[in-house]
Every structure is written in C-alpha cells, then in structure tokens.
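Chemist: Quick note, the sequences are listed as chains C and Z, same order.
Per my numbering: the first sequence = residues 1 to 191.
Per my numbering: the second sequence = residues 1 to 408.
Don't take each hint at face value.
Simulated crosslink set (DSBU-like; lysine-lysine; CA at most 35 angstroms straight-line) [claimed, not checked]:
| id | chain 1 | residue 1 | chain 2 | residue 2 |
| --- | --- | --- | --- | --- |
| 1 | C | Lys7 | C | Lys42 |
| 2 | Z | Lys50 | Z | Lys119 |
| 3 | Z | Lys119 | C | Lys143 |
| 4 | Z | Lys50 | Z | Lys79 |
| 5 | C | Lys143 | Z | Lys69 |
| 6 | Z | Lys335 | Z | Lys157 |
| 7 | C | Lys42 | Z | Lys65 |
| 8 | C | Lys42 | Z | Lys69 |
| 9 | C | Lys143 | C | Lys163 |
| 10 | Z | Lys50 | C | Lys42 |
| 11 | C | Lys105 | C | Lys42 |
| 12 | C | Lys154 | C | Lys143 |
| 13 | C | Lys152 | C | Lys105 |
| 14 | C | Lys143 | Z | Lys65 |
| 15 | C | Lys154 | C | Lys105 |
| 16 | C | Lys7 | Z | Lys157 |
| 17 | Z | Lys157 | Z | Lys9 |
| 18 | Z | Lys119 | Z | Lys65 |
| 19 | Z | Lys157 | Z | Lys65 |
| 20 | C | Lys143 | C | Lys42 |
| 21 | C | Lys163 | C | Lys152 |
Some chain C residues flagged as far from chain Z (calculated, every beta-carbon gap over 10 angstroms) [unchecked claim]:
| id | residue |
| --- | --- |
| 22 | Pro18 |
| 23 | Arg68 |
| 24 | Tyr106 |
It is worth saying that the hints were derived from the structure and are not from the lab.
Virtual Cβ for every residue (Gly too), placed ideally from N, Cα, C.
For reference, the chains in residue letters:
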Amino acid sequence: MKRDDPKITWVQQPRLGPTGRSYLPLFVQGFRTTLRHLFRRKQTVQSPEVRHVPPDPLLYRGVHRLNRDERGRVKCVACFLCATACPAHCIDIIAAESPWPDREKYPESFTIDELRCIFCGMCEEACPVDAIELTSFYDLSGKSREEMIFDKEKLLSVYDQTKDSEPMRTKRGKSGEWRVESGEIRRNTGH
Amino acid sequence: MPLIEPLLKIAVLLAVLMTACAYLVLVERWMAAWVQDRLGPNRVGIPLTKWRVFGLGQPLADGVKLLAKAQITPSRVDKSLFLVAPVAILVAALAAFAVIPFGSVLPADVFPASWGIRKAIPLTVAPGLDVGMIYVFAVGSVAVYGVVLGGWASNDKFSFLGGMRSSAQLISYELPLGLGILGAVLASGSLRLDTIIERQAQSGTWNGFVQPLGFVVFCVAAFAEAARLPFDLPEAEQELVGGYHTEYSGIKLVMYMVAEFLHMITAAMLIVILFLGGWHFWGLTGSGDAITWPVALLRVIVLLGKVMAVILFFMLARWSWPRFRFDQLMDIGWKVMIPWGLVNLVAVAVWVEFGGVLSDASWLPAGAAMAIFGWCVLVLCWLLTVLADPTSIDNRPRIDMIRRAGGR
Chain C
1 MKRDDPKITW VQQPRLGPTG RSYLPLFVQG FRTTLRHLFR RKQTVQSPEV
51 RHVPPDPLLY RGVHRLNRDE RGRVKCVACF LCATACPAHC IDIIAAESPW
101 PDREKYPESF TIDELRCIFC GMCEEACPVD AIELTSFYDL SGKSREEMIF
151 DKEKLLSVYD QTKDSEPMRT KRGKSGEWRV ESGEIRRNTG H
Chain Z
1 MPLIEPLLKI AVLLAVLMTA CAYLVLVERW MAAWVQDRLG PNRVGIPLTK
51 WRVFGLGQPL ADGVKLLAKA QITPSRVDKS LFLVAPVAIL VAALAAFAVI
101 PFGSVLPADV FPASWGIRKA IPLTVAPGLD VGMIYVFAVG SVAVYGVVLG
151 GWASNDKFSF LGGMRSSAQL ISYELPLGLG ILGAVLASGS LRLDTIIERQ
201 AQSGTWNGFV QPLGFVVFCV AAFAEAARLP FDLPEAEQEL VGGYHTEYSG
251 IKLVMYMVAE FLHMITAAML IVILFLGGWH FWGLTGSGDA ITWPVALLRV
301 IVLLGKVMAV ILFFMLARWS WPRFRFDQLM DIGWKVMIPW GLVNLVAVAV
351 WVEFGGVLSD ASWLPAGAAM AIFGWCVLVL CWLLTVLADP TSIDNRPRID
401 MIRRAGGR
C-alpha cells in the first residue's frame, strides 16, 4: 500500500467535544449501565432442574424429522434437493423406484449425520414436498459417533413423537395448515 | 521468643491472603455474571454432599483442577527464566504485605496474663518500618520483572507482545503512582503507613477529601499497575490470548493468577490507607494506640470493609468501560496523569507550608479550607486538560502534507 494510492480515502479522526474530552459523561454512563444490570432479574435457566423451552417451537432449528403423509408413508420423493443444499454434506440418500403410483422415486435409505449437521435449516427450505423438517428437540446425545447417524426409521420416529406437539411447518401445497406471513408462522383460517 | 510473633503473623497473613485470593476469583466471577444478567457459579458446594451453599465450593474445585492439570513446558523456552518468572512475581506480590497494616494494634489485655505480653501488638508483619511506603513501592516494581521475564522466556509472540506492552505500561504508570503517594506522604509528614493512617484519624479528614487530584491520579495509576480493565493491555484476552502468561499452565499459571489478585488487594489496601483513612471511621474507631479490644476488632473490620468496597469497585469497573488503546494509555499516563500528579504535589506542598496562615485568616476549619482548596485544584486541572486536550493526536500522515509531496 502506497500513501498516495488514489484508492485510499483519507479520513481525519473527528475531534471529541469538551464533554467527551472530560471523560466524565462516559464514565457515568458506563457505570450506570453496569449498576443497572447488576440488580436486574437474571436470565439464567437453571437447567437441568428447569427445562429450557424454545420461545417459538415452530421457528426453532433442532433435530430433523421425516414427515409422513396421510397414509403413513414417507413423504420424501428422493429428489436430492436437501442433500444438495446442505452445506455440511450430512445428508445421504439412496433412491429407489417407488412402490407407489403417485411418485417415481422414494428413499430406500435416508441418513443424516447429526454430528456433522450445523442446524442451518436449508434442507427444510429446499424440500419441495415438505418432507424434511427441523423440530424444537435440542438435547440429543449418544454414546458413539455411529449412534448419532440417524437413519430413515429413526427420523420417521422423531416425526411420530413430535407430530402432536409440533404441527407441520408446511408452507406450500394443499395440506398447508400453516403459512409464513411477514416473517411469522401463522395458522391458516378457513380450512 | 521475639521470633514467634512475626512468624505467627506471617502464617496468618499467608493463610488469609491465599483464601482471599481464591474467594476473590469467585466474587469476580459472580460480579461478571450479575452484570451480564447471569447467575454465576452456584453449583459446587461441600464435596461429596448435595449441599450447594451458593457455589462457595467453587474455589476448591478450581484449585484442584488447576493443580491437577498437565504442566506443559514448551520445548524452546528458556527453562530457568520460565520457572523463575512466576516465582518472582508471586514473591514480590507477597513481600509487599510485610509493611501493610491490616488493622491497628491488638491491646495487651486481650491475651492471658500468663503469656507475659506487656505491649500492644501492631497488626503489621514488620511494624514501624520508617521507609514503609518506599518499600512497598520498590517491591511493587519487581513485579514488572515477573511479567517481562515470563513474556520473554516463553519464546512466543503473544507472550512477548504482552510482556513488552506490560513493561511499558507498568514503568510509565509507576511515575504517577509515585507522585500520588508523595502527596499523601507530604500531607502526613511520614513514610510510615501506620503514621499516615494515624494522621488521618487524628484530623478526621481523609486524604482523599482534601487532595482529590492526588486521589484520582493514584487510583488511575493503581488500576494500571494492577493491570485491571480498562488498563489490562498486558493480558488483553481478545488480542493477546492472555498476554505474558499464554504459555503457562498448571501451578505456574496459578502463581500468576494469585499474584494478579494480590496486586489488586495491594492496590486496594494502598488506596484505603493513603487516601480513605485506613481503619478510621468517624465516631467508631477513635485514634491513638490506647484502645480496648472491641475497638481493635472494629478497626480491622472497618479497614477490611473499605478494602472490600474498593475491590468491588475494581471488579465493576471491569464491565463498565472499554479497554484503552495503547497510544491512549500512554497519552493518559504521560500527558495527563504525570502533570496532574506534579500539580497535586505542588498544591499539597504549598498548603503544608502556607495553609495554616490561610485557614487561620478564614473562618473555616482547617480541614474544610484544605478540601475546598484541593477540589478547586482538581476542577481547574480537569478544565485545563479539557481545553488543552493533550491526548487527541492523530499520528497518521497528514493529508495536506501528502498532497504537498505530490500525492493525491
């Protein structure tokens, strides 16, 4: 970098006013903020005695689930859009010819490595048939790395466990009970 | 048996200081948590039971953890200096407490008559040291060596930068520290710490009230010497990964951390003794050495209470103001604090010489007259600094000079 480089814009440091130079207002401000917070109500949740509840379970990005359709079949059509969108490359799908007439393919195996996943929610966004979703279940643990690779059965069982507490986050299609409106998820009325 | 008394005092002092350091870490963590709307450590209680007692077992757990940790000595360090540095800083920090009084005296009638104690026992390890203040100051300077040696011996760029910054900072701020001490010493006419307290107790006016300028200078310098925020550039976790003790672990790191908290206690002690009246409190503690044991106890409590208050201020200050940039630190040290210290010294000298005449001429009591004089000096100095603005200097090349030299 040269001093006379025309790309450099020279900015002079703005001079503080007399109150700023005296340090006193800043001194008082800083200490007032400290004291205010010192006696404020504390935010800590005493986990594990008290369980932390995500403020909005429909927005929370926790463990994945694979949704079932009305007939209890996996909704996924093995289009690989989630695996493509995944920045952590944690989704592994093996597609097979579908045994049902309403779609061409279905996932013979569908595994998510929960240890690689960064819980960004891009799979959920990419899915065209609302098959993969994130739940508000956050405290998962396992005794080995293999145990943390969730297969299709496990992901479907997550759906079975959470389908009552958390309705589908579906944003499109005829089953759309929920919609996004100005950044919020709302229940559709008149269904 | 003249040796038993100081040895007992040293044993008590060491035990109290080490425990105090451990629990100050806990207090510091609580303060940090509360200021950030958290609860802080509240789980570890009495070992092997379910009693949590507000997390008071935390220091024990921390201590065991740090002592049990692996002692890593990086391969290319200067082995002897690497070992000497933490020892030096800890010894220097502990040595300062030899002359610092932690109360006034224990009257002789506290003890059973069979012990044969006739005189009151001063609550100082080395009582009556005539150069007490100089001793504290000299021993305090040795702490710089612990920091510089640690930074240099680690053979690591972060340690090195931390050590260099630290040496520049500690050496720079020793001047205002000395000037602040001089004001208090001049007003009391003695370098003995107990005499400095005694003078404040007799007159009832603490030095902090009558020479606020010296108080400000000394406080700022004490913060810088203890390397507390906003002057914690030697460590600056966000920039230097811990500074001079980056490479230290286990017991050596404990030594550094204990020394750090000892510095804070020393700084708080000195602020209280020099400027906030030591063990004196109006209507509670009286003055002089002829006291009963409840008063003696009260003096200890008052002194330690004041020290605790100052330490709490140290801890809250940490979360109130951002760290200074290094050039700002140097500017404040050399261009503001040293001139202020000099002005305070001259003002106190003038008052000591001519103050009697002035306060006799006015209807005010001597203490009040001196306080008004001191506060006027403070306000004048502060205003003058605001007007002159010595710290605002843009060190970058000036655009008009670049243009003149043919640039854009």
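Chemist: It remains to establish, for every hint, whether it holds in the given structure.
Modeler: Hints versus structure:
no.: 1; hint: C:Lys7 with C:Lys42; result: violated (49 angstroms)
no.: 2; hint: Z:Lys50 with Z:Lys119; result: violated (48 angstroms)
no.: 3; hint: Z:Lys119 with C:Lys143; result: violated (69 angstroms)
no.: 4; hint: Z:Lys50 with Z:Lys79; result: violated (44 angstroms)
no.: 5; hint: C:Lys143 with Z:Lys69; result: holds (26 angstroms)
no.: 6; hint: Z:Lys335 with Z:Lys157; result: holds (29 angstroms)
no.: 7; hint: C:Lys42 with Z:Lys65; result: holds (28 angstroms)
no.: 8; hint: C:Lys42 with Z:Lys69; result: holds (33 angstroms)
no.: 9; hint: C:Lys143 with C:Lys163; result: holds (26 angstroms)
no.: 10; hint: Z:Lys50 with C:Lys42; result: holds (24 angstroms)
no.: 11; hint: C:Lys105 with C:Lys42; result: violated (52 angstroms)
no.: 12; hint: C:Lys154 with C:Lys143; result: holds (16 angstroms)
no.: 13; hint: C:Lys152 with C:Lys105; result: holds (15 angstroms)
no.: 14; hint: C:Lys143 with Z:Lys65; result: holds (25 angstroms)
no.: 15; hint: C:Lys154 with C:Lys105; result: holds (20 angstroms)
no.: 16; hint: C:Lys7 with Z:Lys157; result: holds (33 angstroms)
no.: 17; hint: Z:Lys157 with Z:Lys9; result: violated (42 angstroms)
no.: 18; hint: Z:Lys119 with Z:Lys65; result: violated (45 angstroms)
no.: 19; hint: Z:Lys157 with Z:Lys65; result: holds (27 angstroms)
no.: 20; hint: C:Lys143 with C:Lys42; result: holds (34 angstroms)
no.: 21; hint: C:Lys163 with C:Lys152; result: holds (16 angstroms)
no.: 22; hint: Pro18; result: violated (5 angstroms)
no.: 23; hint: Arg68; result: holds (42 angstroms)
no.: 24; hint: Tyr106; result: holds (48 angstroms)
Against the hints set out earlier in the document, violations occur for numbers 1, 2, 3, 4, 11, 17, 18 and 22.
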